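Construct the complete structure from the given sequences, taking the supplied hints into account.
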Amino acid sequence: MRNFELIVIGGGSAGLAAAIEARKQGIEDILVLEKESELGGILNQCIHNGFGLHSLKKEYSGPAYAQVYIDEFNQLKIPVYLNTTVIELSADRQVTFMSPEWGVETIQAKAIILAMGCRERTRGAVSIPGNRCTGVWTAGTAQKYLNIEGYLVGKRIFILGSGDIGLIMARRLTLAGAEVVGVAELMPYSNGLTRNLVQCLYDYDIPLYLSTTITAIHGKERVERITLTQVDEARQPIPSTSREIEVDTVLLSIGLIPENTLSTQAGIELDQRTKGAVVDQHYATQNEGYFACGNVLHVHDLVDYVSQEGQAAGRSAADYIKSGNGEGRQLSTQAGENVSYVVPQKLILSATPELIQIKFRVRSVMKETEVILRDQQGILQKIAKSHLAPAEMEMMYLSPKLLQQAQGSIIVEVREKHE
Amino acid sequence: MKDILIIGAGIVGSSIAYACSKKELDVVLLEKNIEAMDEVSSANSGIVHAGYDPEEGTLKAKLNLRGSRLYPNLCRELKVGYLNCGAFIVATSEEETEILETLRLKAVQRDIPYEILTKEEALQQEPNLTDQVLSVLSFPSTAVVTPWEVGHAMIETAILNQVEFIADSEVLEVLKIEGGFRIITAKNRFEAKMVINASGLCGDKVARLNRIDYPNVLSYRRGEYDVFDRSFKGFIDHVIYPVPTVLGKGVLALVTVEGNIMIGPNSEVTDTPYDTQTTAEGLASVSQRINKTMKNLPVGAIIRQFAGVRPVPITKDFIIEEDTPNWINVIGIESPGLASAPAIAEMVMNDFIQPKFQANERVDYHDRNAPIKIMESDPLTRSALIKENPKYGKMVCLCEQVSEQEIVDCIHRPDGARSVKGVKKRVRPGSGRCQGGFCEPEIVKILARELKIDLSEVVYDTINSTMLKRKG
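Chains as they are written, first to last, in this note's numbering: chain A, 1 to 419; chain B, 1001 to 1472.
Watch out, some of these pointers could steer you wrong.
In silico lysine-lysine, DSBU-like type, Cα no more than 30 Å apart, as pairs [what the hints assert, rightly or not]: (1) B/1295 <-> A/275; (2) B/1471 <-> A/220; (3) A/155 <-> B/1469; (4) A/220 <-> B/1452; (5) B/1471 <-> A/155; (6) B/1452 <-> A/155; (7) B/1469 <-> A/220.
Heads up, incomplete: computed chain B residues facing chain A, CB under 7 Å, no partners named [to be verified]: (8) 1215; (9) 1383; (10) 1437.
Note that these hints are calculated values from the structure, not bench results.
Since the structure is predicted, the reported quantities are computational estimates derived from the model, not experimental observations.
We put the CB at the ideal spot given by N, CA and C, even for glycine.
What follows is the structure in structure tokens.
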């Protein structure tokens, strides 16, 4: 069996950044496994701008942002197998892949970085009843048809979910000549980035129906109409508000799910809240030699932070390969009031003074808040933050010195500040 | 003039065509849709029932039992999946335990193997059964198959053995001529000595094409199901039934050959047999009623809902009759239709076809070759296949692990796929947790390439179900 120091599963934004950093940290023996025919991952179909504002200080399209990393990747001559799918992953880091060029092979890694990204939540997962005719797609699939293949999925389109992919596609389809009749959002507020709401809906006069969902899709050989229904505070449909709208296409932008089927096979411990691996601040999972970063770890909204996370995971994997696991007392983090999740779920307290970066999301839109870090005994840290939304990942930096005093779990909670 | 023309390539018509292909008969099989096995046969529980359930003295009783015994060999010949999973009928009250006893007696009468399990024994074998279980009547001979896999394999084998199969051929008119019938479709006309009407949902309407005063004998019921992701294979190992009532077999927990768990069906009368919609009420009914027999269902792992409609014969039994000379109706085939199909074909052959034709065995009859399933091959074979044909190494559907070449193969075999759903039914892309989110564009591209059409001409399931429009 061939041995590698580092195998990176996925050559998208997370995997690229991770592999580049690992190489820069001196790891020679790297192999990236990528299922598509080129590197770049989902960025390749994201032809709109807005990528790199934070990290590259310039606005790129998805493919151009990817190319920055692909160029560096190629310059460093990091080996990659394209068109290669990992079909099996073991707890002891054996990777079985399949590829037209390389056949089937099982290889052994000293360290593995999981960077498989995520998939879209489907109609079946949320049980929208009605006919199962063609005309219903997740927004990302419609994006692929249009931006990669050059085909429109329909003429008169309704979008369920005001997440970013749905908003981007509302604009994209309009520009391509389709009529986007409206966007419905289950929550009383949109889940997308504010700039997308403005640039994709308001600028195109596309109506946004909040607290509304699709309760049925009907059609014979193709979608013909949908039933739009308002929901109450418990997000349950209010039948008397149902009305039918004639459309030929429904796009679903109702959430992303980290693609951890292989991780589960390898016995990687997952966090039920994030649906990604449980990691420490070094992006090491609870399983020896496994690291995770990017959308497979938790769903991101800005690729800049995916790249940053990938870079951190690459560095950690390199450190692990060179000198094994770090030592230190372990603390857990916990999502407290108004917080839906915290990453990392574990903190390793070591001698180094470096600040520890944690990421979290709030459960609902909040204006003026206090972000509180506490343990069983009391408050450790308090920070004021304004304008928090579930759609926008928040970051905080914790000082190890402060954490030295902590016991058990660190709870992250967010409280609305009252006058 | 053909010997036999079969109307309808569902499980019944395909079984009859398959049986005919073993004899020296000149047969044509017509299918209204562009793909066979696309109506009743595509959306049901997939169970080869053990045969204890139907009322004594019915065709259902006789043919289910016979079919159940023919299935293992049939699946071996066809090289399709057959999972002898067994069935548990779960009693949760004293009253229900008494009903189990009546079923047991029927099983004894019909020589069907059974076992009675205590609560402890039942929970030991199936820990996810309801805690309210009192006793279980187990039927080890119950099995499940993938109905369309069986049907397509039968059609393919029939084609290899001289049966002509023509899809997209709705029968519009039937005329009586010297020696038989003239059958007219939109694109063709055929002449045949005998016609077998196995047209499923439109069974009585097609019967009326032959005899104008044929009565309406069919009503319709729709059943809805939830399908769970394959990763929960092993949640149950048997088909789990509640104790049957006058309304029917109830809401089941099902296993499938591929490993998906399913729950359903409910049973709603419908007067629109081609409308296979799921409904909020129907699905809610399934979710609620399954709790009678099951606990711990991983509802977060539901990936899809579907519904199927079946014809309900007014006689409450299969209608298998020679209505006028050489016009054979095989209609009203509801449950246990799938289980009975090979026996139905056998009966039609023995009671109607052979008395007329006395056909010899086909001398050069041969079975089909099994389709290559790359992930079911051992690693050495897999590597060799990929070396010879790299497209076997290009994974197109990650959720179900299907390679490009398997998709190409299923388009080019006899009775090849003509639609995205046709590919899905034959080799699985789109059946997994992402429901085609990743792979559907690739399937569309492959279909376009292999059928030499534009992407905008690729259809999803029916002839007018094009999906895409060229931009600009």
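Of all the hints numbered above, which does this structure not satisfy? Sort the numbers upward. Per hint list: single violation, 8.
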